[in-house]
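Chain by chain, the residues:
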Amino acid sequence: MKKEKQTQTIFKILKYIKRYWGFLGISILLSAVTVVCSLYLPLLTGDALDLIIEKGQVDFTGVFDILKKMGVMVVLTAFAQWIMNVCNNKITYNVIRDVRKEAFAKLERLPLKYLDAHAHGEVVSRLITDVDQFADGLLMGFTQFFSGILTIFGTLFFMFAISGRITIAVVVLTPLSLVVASFIAKKTFSMFKLQSETRGEQTSFIEEMVGNQKVVQAFSREDETLKKFDEINDRLEKCSLKAIFFSSITNPSTRFVNSLVYATVAVIGAFLAISGGISIGNLSALLAYANQYTKPFNEISGVVTELQNALACARRVFELMEEEPEIPDAIDAVVLEQTDGQVDLENVAFSYVPEQRLMEGLNLKVKPGQRIAIVGPTGCGKTTLINLLMRFYDVKEGSIKVNDIDIRNMTRKSLRNNYGMVLQETWLRSGTIRDNIVMGKPDATDEEVIAAAKASHAHSFIKRLPEGYDTIVAEDGGNLSQGQKQLLCITRVMLCLPPMLILDEATSSIDTRTEVKIQEAFARMMKGRTSFIVAHRLSTIREADVILVMKDGNIIEQGSHNELLLQNGFYAKLYNSQFALV
Amino acid sequence: MKKILALLKDYKKETILGPLFKLLEASFELFVPLVIAAIIDTGVSDGDIAYILKMCLVLVVLALIGFVCAITAQYFAAKAAVGVAAKLRHALFEHIEKLSYTELDTVGTSTLITRMTSDVNQVQNGVNLVLRLFLRSPFIVFGAMVMAFTVDVKAALVFVVTIPLLSIVVFVVMYATIPLYKKVQAALDRVLAITRENLTGVRVIRAFNKEEHEIKQFNESNDKLTNMQVFVGKITALTSPLTFIIINVATIVLVWTGAIQVNDGVISQGEVVALVNYMSQILVELVKLANLIVSITKSIASGNRIQAVLNIESSMKDVAIDTDVEIGAQKESASSVKQTNITGLPEDDVIVAFEHVHFTYAKSKEEALTDIHFTAKKGEMIGVIGGTGSGKTSIVNLISRFYDATRGSVSINGVDVKDYPLESLREKISIVPQKAVLFKGTIRENICWGKEGATDEEIQRALEIAQATEFVKEKGLDFVVEQGGRNLSGGQRQRLTIARALVKNPDILILDDSASALDYATDAKLRKAISEMSDDMTVFVVSQRAASIMHADQIIVLDDGEVSAIGKHNDLLDNCEIYREIYESQFRGSVL
Chain A
-4 MKKEKQTQTI
6 FKILKYIKRY
16 WGFLGISILL
26 SAVTVVCSLY
36 LPLLTGDALD
46 LIIEKGQVDF
56 TGVFDILKKM
66 GVMVVLTAFA
76 QWIMNVCNNK
86 ITYNVIRDVR
96 KEAFAKLERL
106 PLKYLDAHAH
116 GEVVSRLITD
126 VDQFADGLLM
136 GFTQFFSGIL
146 TIFGTLFFMF
156 AISGRITIAV
166 VVLTPLSLVV
176 ASFIAKKTFS
186 MFKLQSETRG
196 EQTSFIEEMV
206 GNQKVVQAFS
216 REDETLKKFD
226 EINDRLEKCS
236 LKAIFFSSIT
246 NPSTRFVNSL
256 VYATVAVIGA
266 FLAISGGISI
276 GNLSALLAYA
286 NQYTKPFNEI
296 SGVVTELQNA
306 LACARRVFEL
316 MEEEPEIPDA
326 IDAVVLEQTD
336 GQVDLENVAF
346 SYVPEQRLME
356 GLNLKVKPGQ
366 RIAIVGPTGC
376 GKTTLINLLM
386 RFYDVKEGSI
396 KVNDIDIRNM
406 TRKSLRNNYG
416 MVLQETWLRS
426 GTIRDNIVMG
436 KPDATDEEVI
446 AAAKASHAHS
456 FIKRLPEGYD
466 TIVAEDGGNL
476 SQGQKQLLCI
486 TRVMLCLPPM
496 LILDEATSSI
506 DTRTEVKIQE
516 AFARMMKGRT
526 SFIVAHRLST
536 IREADVILVM
546 KDGNIIEQGS
556 HNELLLQNGF
566 YAKLYNSQFA
576 LV
Chain B
979 MKKILALLKD
989 YKKETILGPL
999 FKLLEASFEL
1009 FVPLVIAAII
1019 DTGVSDGDIA
1029 YILKMCLVLV
1039 VLALIGFVCA
1049 ITAQYFAAKA
1059 AVGVAAKLRH
1069 ALFEHIEKLS
1079 YTELDTVGTS
1089 TLITRMTSDV
1099 NQVQNGVNLV
1109 LRLFLRSPFI
1119 VFGAMVMAFT
1129 VDVKAALVFV
1139 VTIPLLSIVV
1149 FVVMYATIPL
1159 YKKVQAALDR
1169 VLAITRENLT
1179 GVRVIRAFNK
1189 EEHEIKQFNE
1199 SNDKLTNMQV
1209 FVGKITALTS
1219 PLTFIIINVA
1229 TIVLVWTGAI
1239 QVNDGVISQG
1249 EVVALVNYMS
1259 QILVELVKLA
1269 NLIVSITKSI
1279 ASGNRIQAVL
1289 NIESSMKDVA
1299 IDTDVEIGAQ
1309 KESASSVKQT
1319 NITGLPEDDV
1329 IVAFEHVHFT
1339 YAKSKEEALT
1349 DIHFTAKKGE
1359 MIGVIGGTGS
1369 GKTSIVNLIS
1379 RFYDATRGSV
1389 SINGVDVKDY
1399 PLESLREKIS
1409 IVPQKAVLFK
1419 GTIRENICWG
1429 KEGATDEEIQ
1439 RALEIAQATE
1449 FVKEKGLDFV
1459 VEQGGRNLSG
1469 GQRQRLTIAR
1479 ALVKNPDILI
1489 LDDSASALDY
1499 ATDAKLRKAI
1509 SEMSDDMTVF
1519 VVSQRAASIM
1529 HADQIIVLDD
1539 GEVSAIGKHN
1549 DLLDNCEIYR
1559 EIYESQFRGS
1569 VL
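If you're matching them up, the sequences are chains A and B in order.
The numbers in our numbering rise by one with no breaks, and the one at position 246 of the first sequence is 241.
Each number in our numbering corresponds to the 1-based position in the second sequence with 978 added.
One or more of the hints may lead you astray.
Unchecked claim - Reference listing, derived: stretches of chain A covered by chain B, where coverage requires no fewer than 3 residues with Cβ under 8 Å from a Cβ of chain B: (1) 40 to 50; (2) 56 to 67; (3) 89 to 95; (4) 176 to 188; (5) 206 to 214; (6) 235 to 245; (7) 376 to 387.
Just so you know, these hints were derived from the structure itself, not from any lab.
Ideal Cβ placement from N, Cα and C applies to all residues, glycine included.
With the hints as constraints, model all of the structure from the sequences given.
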């Protein structure tokens, strides 16, 4: 079972490598050239040595001829080796690039259900660290695996050419080395996997604590978090030590086996030399071959352990890439053109976890251009409703229709294009202020951008930034205040003005003076546009055509402000509590 | 690199024994060519079978000793490498926790994360390889040269020329590639940053249908990384062919010299074989070394990046628990003030005082706060209100000393905040930050951040005041909050962060716009509960909503970093235009 999975992983990797078969072909060809040339050298050296017998018995012209030949070989080999290395590099890094590229593209297709449920640090660790380790293993594999195998066969061939008997002895002893190597490799695979998992856990913890370092410090929790970090760190240290040590035994073990081979060659070779079967030069060449023959075993065993690690990492990356993606748009999915904004929710049921029911039998009819205010205590399901409207999640039962078309039958892209969304949690990408504003309309002119920024009252603070609209927003918008970030998010929507709006506490971090001004802009924007507004401002709520009062995931009251007050239900209570304050 | 090397000190035994055993192994390897020469010159030419068998037994024994030495060396090397990596991660984590907000603002989180993970891994590999091979290879190279001298001085001169040449090649490649590897890591940082960004911003990206665009951006950075890697690869790929040429040319010269020496009767045929063997031993080692250099240059680059983090010094000097007498005396006065507090000072005891405070953020030209001057008395509620970017958060950040005032002073109980040890200062203060951050763990664990080992009653009381009892009752105190509190709604998260701050019964409570995700009714109940909680607690409420602060004992109205007015609600309505504007804008809403 386990082995099967490993083979699967290898096949997946091969699929990526296949794209570079040209380079791969050159690499294999050149490694053959390198191996043959470098194997021929000891033979030549041996020949030369046979011409150097003893005092006064040296054939200088013969030696010189051989050495000349060697010179040519050396240059040829070195050149082939260089090109081969370059090819290997190219293949490895391109494969890695492709894997990362596809993994990232996959990330963009994963359902929010997956992303909401997995620690970001873990996903990042798969895409960065694991892929990196995979690259290291792959490169080592390329540079040493082929030439290793070729060297083994080449050496056997050359040895055979000198002496069949010695070669047979060597061949008999070889499997010993392989058995040792594969035994250790098998043992270490699970250790590497454990190491990889523990590392993921740690990355996730680092992400959490370093990312929220300010809170950690505000509560003086440095010591406690450090303690917890150390606990994971200790575990990682222990399992890393195991993985590294046991895998590193491979090398000395195979080398020991190889030394035995070397000694055997020496004994048999010496006997043969005495009986005149081979010359001293031949013996020297044989010993050199025995040495070279054992070297690739060392390398391959080293590569095998590295590959084990790489495979474990690759598997984690592939796991991510094989996650169930968002259900793709149906082939016959309609492209939603400019909608007039009619939205119908029929009998909608939804829950994040099957055993915990949340929303059931929810009905709502929204006429074009209506303003829907959603109110309710925190955690009442406002955000869930937005998740469903935008189709970040699919409904479990019932349907949501826009222009009488089920949103599951239209392309996500066209659906989302028709919504403008401002969330309470602001998000800015690293890039310039301008980049952030034009997200919804990449081809906007400077005038349009400035006009939008003026409408959202962001222009005045942007103007004061060191580089104006070209100021770089730091990671996570670190150099802007929460309110400024929110203004930028509003500007984004102001610029592209889609037919439907979703404003989720869009102005919660903006001071009220500015908010009033923005509200005016919002009011203008909402004219003729269906809008869903999660808000706390009474004026916004009162001006809405329909107020949805939500509690525990369901709509408990629905109607205009006056209607709801007359009902004297939950809304009326909420409304009165607020006035009681004033 | 210095600090990293210093860490190896803790593994003195391992760092010495590892290479030592490796060298032992190598020494035994160096005898092999001599044994072979003996077999050829004595065994084969005399036809002495017993001698040959004896020598082969010597070969096996040498191999066995080498095997034991090698395994021992591997163990020590792995132990030291893994240990150093663990210590490094610990050091980094500890160091990051000591950085002040100013440094955290400027460094950026994702690069800190790569440095703690991928860079540390590189260093671990590097240390492991260095201990295992880096000493061994030069040792074999020089050992082979020394052994060559014992065979024949003239032939050995070939080695003397070859070895420096090889060193030059190795060092030039290393020198050229270290800065390039740094660039590779920086490119990797960028790829990481985009990935993180896409995870946090997934809703916005999908709402704007920017997936394709993001993929394009990612691919650009990814390609840049790849090109960089391929480029560096091309340079390092030169190492092994170059060493190959040098060694083999040396072999050719060696055979020629050997031929002359044998012809003159200085050395034997077997000795030439030994010399050639030594040369090929050098080649084997150098091929290993060449591969090694790639890893080592990578780890040096990574090591430097780690060092760079460790070198960032906190711009905030903490007062150690036991410092010199002068500060000790001040501290004493601080604690004595506190003690007299308990015994009951007059009601108008000043707890927080800002004296002409100016504050500028690092890398910013403009002042965020200008000449802030006010005092807050014990048990008071202070409202802070003002426009976006008017400096509300900056003020409260100075109280907890997350930043140091550029000019002027902030004092608590009459002692400058800079003279308190940070931990005891923050002990007095509880803060509910704007962004409701929770951590992976149970609700109980999260609340206990505020007070280690709080009892269930204390927790329940805090939850009650924070208006969180209802949903917590439903989920239970042992409900596991996922990383970032993803499985809770914004309002639930916020109420838990409030409970977390309340559980320790602080002297000073700071609510930094921390009711933004709460509806009005909950917000009102919360404020009422807090005001009833304790008479001694001083509460700072930063808010956008006039309703949240209008009942405060003092309201500080900020405008563009300056105090526009301080006073009570009614005075401000009469005298402060900005306040009136804010108030009316909000309450006009309900009249309209």
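Hint check:
{"no.": "1", "hint": "40 to 50", "verdict": "holds (count 8)"}
{"no.": "2", "hint": "56 to 67", "verdict": "holds (count 5)"}
{"no.": "3", "hint": "89 to 95", "verdict": "holds (count 4)"}
{"no.": "4", "hint": "176 to 188", "verdict": "violated (count 0)"}
{"no.": "5", "hint": "206 to 214", "verdict": "holds (count 9)"}
{"no.": "6", "hint": "235 to 245", "verdict": "holds (count 6)"}
{"no.": "7", "hint": "376 to 387", "verdict": "holds (count 3)"}
Checked against the numbered hints above, the structure violates only hint 4.
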